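Residue numbers (full-length UniProt numbering): 1 to 214.
Simulated from the structure, these hints should not be mistaken for laboratory data.
In this text, all values refer to a predicted model and were calculated from it rather than measured experimentally.
By construction, the Cβ of each residue, glycine as well, lies at the ideal position given by its N, Cα and C atoms.
Don't take each hint at face value.
Claimed, not checked - Simulated restraints on C-beta separations:
hint, residue 1, residue 2, range
1, Pro35, Val86, 18 to 28 Å
2, Gly100, Asp149, 20 to 30 Å
3, Glu69, Arg154, 34 to 44 Å
4, Thr167, Ser96, 18 to 28 Å
5, Ala9, Lys180, 43 to 53 Å
6, Leu12, Ala118, 35 to 45 Å
7, Glu183, Asp149, 15 to 25 Å
8, Asp39, Lys180, 50 to 60 Å
9, Ala173, Arg18, 23 to 33 Å
10, Phe59, Arg18, 16 to 26 Å
11, Gly15, Gly184, 24 to 34 Å
12, Phe111, Pro57, 38 to 48 Å
13, Asp174, Arg18, 23 to 33 Å
14, Asp194, Ser96, 18 to 28 Å
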Amino acid sequence: MRVVLADDAVLLREGLARILTDAGFEVVGQAGDAPALVDLVRRERPDVAVIDLRMPPGFAGEGIDAAVEIRTFAPAVGLMLLSQHVEVHHALRLMSDFDGGVGYLLKDRVFDLTAFTADVRRVAAGHVVLDSELVARLVARRRRDDPFDRLSARERQVLALMAQGLTNAGLCADLHLSAKTVEGHVRSIFTKLDLDADERSHRRVLAVLRFLRA
């Protein structure tokens, strides 16, 4: 799987390159700012781009601007955004502008090498990956008549883990629950969020995206 990296911090770029190379990726290029990233993607056509959300010259969301531009000419390229802090407004924009093949993770998550490389592969495959801290913060923002207010504390916990791409088996392992109990929580989330049964193949992603777009 071919990857390009974009971050103004050279040490972080080199660290990411080493992590991904050791995990079997081919790092085909690195960039230090948004224009260089866009040119790199045009030239190399990677499977996925790992992008710092804040880059020169303004350090104010250039990574997302570059991601939007990349999606216009290379729609198949997965886009993994990394951020130093949870920035809800940037995450909302990311989820609003893209239907899939995107991710938003805190840079601290990179140190969990197995999870990080698995998340990069999921984004490259067209899935949506969201940092659990971001999801928890969004779920905590209560709105009047918000369907997410119907969720129990346990269902919100399940939703946060679903946003990380966990299957039902993964939820069972993380929460130490039986398969039947997990299935019940997942069904309840879909019901409370008014997700129709005919959307079964996409409801895990829709459960997260519907809240972000609410």
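Consistency of the hints with the structure:
1. Pro35 <-> Val86: 18 to 28 Å: Given about 27 Å between the Cβ atoms, the range holds.
2. Gly100 <-> Asp149: 20 to 30 Å: Once the Cβ atoms are compared, 27 Å apart, the range 20 to 30 Å for Asp149 and Gly100 holds.
3. Glu69 <-> Arg154: 34 to 44 Å: 40 Å, holds
4. Thr167 <-> Ser96: 18 to 28 Å: 26 Å, holds
5. Ala9 <-> Lys180: 43 to 53 Å: Holds, since Ala9 and Lys180 (Cβ atoms, about 46 Å apart) stay within the stated range.
6. Leu12 <-> Ala118: 35 to 45 Å: Since Leu12 and Ala118 have Cβ atoms about 20 Å apart, the given range 35 to 45 Å is violated.
7. Glu183 <-> Asp149: 15 to 25 Å: Holds - the Cβ-Cβ distance for Glu183 and Asp149, about 23 Å, lies within 15 to 25 Å.
8. Asp39 <-> Lys180: 50 to 60 Å: Given about 52 Å between the Cβ atoms, the range holds.
9. Ala173 <-> Arg18: 23 to 33 Å: Cβ of Ala173 to Cβ of Arg18: about 29 Å, so the range 23 to 33 Å holds.
10. Phe59 <-> Arg18: 16 to 26 Å: The hint (16 to 26 Å, Cβ to Cβ) holds, given that Phe59 and Arg18 are roughly 25 Å apart.
11. Gly15 <-> Gly184: 24 to 34 Å: 41 Å, violated
12. Phe111 <-> Pro57: 38 to 48 Å: Given about 28 Å between the Cβ atoms, the range is violated.
13. Asp174 <-> Arg18: 23 to 33 Å: About 28 Å separates the Cβ atoms of Asp174 and Arg18, which means 23 to 33 Å holds.
14. Asp194 <-> Ser96: 18 to 28 Å: 20 Å, holds
Hints 6, 11, 12 from the list above are not met by this structure, while the remaining hints are.
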